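Turn these sequences into a full structure, and let the hints steer you where they fit.
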Amino acid sequence: MTSLNPVLTVGYQIGEALTAHMGLKGSGLKLRVESLLQQVGIPMERANSYPDELSGGQRQRVMIAMSIACEPALLIADEPTTALDVTVQAQILQLLDELKTRMNMAMLFITHDFGVVADIADDVIVMFRGEIVETGTKKQVLEKPQHPYTKALLACVPDAEGKKQLKPIDYAWLKDGQNDKKAAA
1 MTSLNPVLTV
11 GYQIGEALTA
21 HMGLKGSGLK
31 LRVESLLQQV
41 GIPMERANSY
51 PDELSGGQRQ
61 RVMIAMSIAC
71 EPALLIADEP
81 TTALDVTVQA
91 QILQLLDELK
101 TRMNMAMLFI
111 THDFGVVADI
121 ADDVIVMFRG
131 EIVETGTKKQ
141 VLEKPQHPYT
151 KALLACVPDA
161 EGKKQLKPID
171 YAWLKDGQND
181 KKAAA
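At position 43 of the sequence shown the residue is numbered 43 (the numbering used here), and the sequence of numbers has no breaks.
Read the hints as simulated data drawn from the structure, not as lab findings.
Don't take each hint at face value.
[Claimed, not checked] Here are the simulated lysine-lysine pairs, BS3-like style, with alpha carbons at most 27 Å apart:
1) 144 - 167
2) 139 - 164
3) 164 - 138
4) 175 - 144
5) 138 - 163
6) 30 - 144
7) 167 - 138
[What the hints assert, rightly or not] Ranges between beta-carbon positions, derived for each pair:
8) 154 - 12: 16 to 24 Å
9) 102 - 174: 42 to 50 Å
10) 155 - 90: 22 to 30 Å
11) 155 - 5: 53 to 61 Å
12) 41 - 175: 48 to 56 Å
13) 157 - 50: 22 to 30 Å
14) 86 - 53: 20 to 28 Å
15) 112 - 30: 35 to 43 Å
16) 158 - 53: 32 to 40 Å
17) 164 - 35: 13 to 21 Å
18) 123 - 169: 18 to 26 Å
19) 171 - 53: 40 to 48 Å
20) 3 - 103: 43 to 51 Å
21) 157 - 52: 28 to 36 Å
Quantities reported herein were computed from a predicted structural model and do not represent experimental measurements.
We put the beta carbon where it would ideally sit given N, CA and C, even for glycine.
Written out as structure tokens, the structure is:
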């Protein structure tokens, strides 16, 4: 959310992307900005607001509007719910899911939050030290993880009741320079 310029209105910033990439100007540009704001649940009068006049959730919605402005086939969302409270996080996840369906758009969702993964993912890729160590459907990875690192990560996630014994990540499987991919075998 720090990608918004604090001295420009959010409407202007959305318009910049549309002008640069789609050549929109004048009334066509204004209509498209208003449409994008409406799609992400921001009242059009907020187009004249500066980023610091918006809540964290509204700023994130503006960023989403900018990211879908050119109707991409793939949206890369890198930690889009970080620093948002749980209620706003749920709203943003719902919005992204609705946009994905409505726009027939693929989404690469990057997160460290397994609760978010459980909510939004279809397929999951787990990375360790920049390498993929496990892939599968959400159900496969979250319910029957194969790689020791994935198992260790899931052991660190609390349950809803707060009864689960949480364990720190045990890196014993990395002894003797063992290849991360072999560890899953």
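Taking the hints in turn, this is what the structure says about them:
no. : hint                  : in the structure
1   : 144 - 167             : holds, 18 Å
2   : 139 - 164             : holds, 20 Å
3   : 164 - 138             : holds, 21 Å
4   : 175 - 144             : holds, 23 Å
5   : 138 - 163             : holds, 23 Å
6   : 30 - 144              : violated, 50 Å
7   : 167 - 138             : holds, 22 Å
8   : 154 - 12: 16 to 24 Å  : violated, 44 Å
9   : 102 - 174: 42 to 50 Å : holds, 44 Å
10  : 155 - 90: 22 to 30 Å  : holds, 25 Å
11  : 155 - 5: 53 to 61 Å   : violated, 42 Å
12  : 41 - 175: 48 to 56 Å  : holds, 50 Å
13  : 157 - 50: 22 to 30 Å  : violated, 38 Å
14  : 86 - 53: 20 to 28 Å   : holds, 24 Å
15  : 112 - 30: 35 to 43 Å  : holds, 39 Å
16  : 158 - 53: 32 to 40 Å  : holds, 36 Å
17  : 164 - 35: 13 to 21 Å  : violated, 45 Å
18  : 123 - 169: 18 to 26 Å : holds, 23 Å
19  : 171 - 53: 40 to 48 Å  : holds, 46 Å
20  : 3 - 103: 43 to 51 Å   : violated, 21 Å
21  : 157 - 52: 28 to 36 Å  : holds, 34 Å
In the structure shown, a violation is registered for the earlier hints numbered 6, 8, 11, 13, 17, 20, in ascending order.
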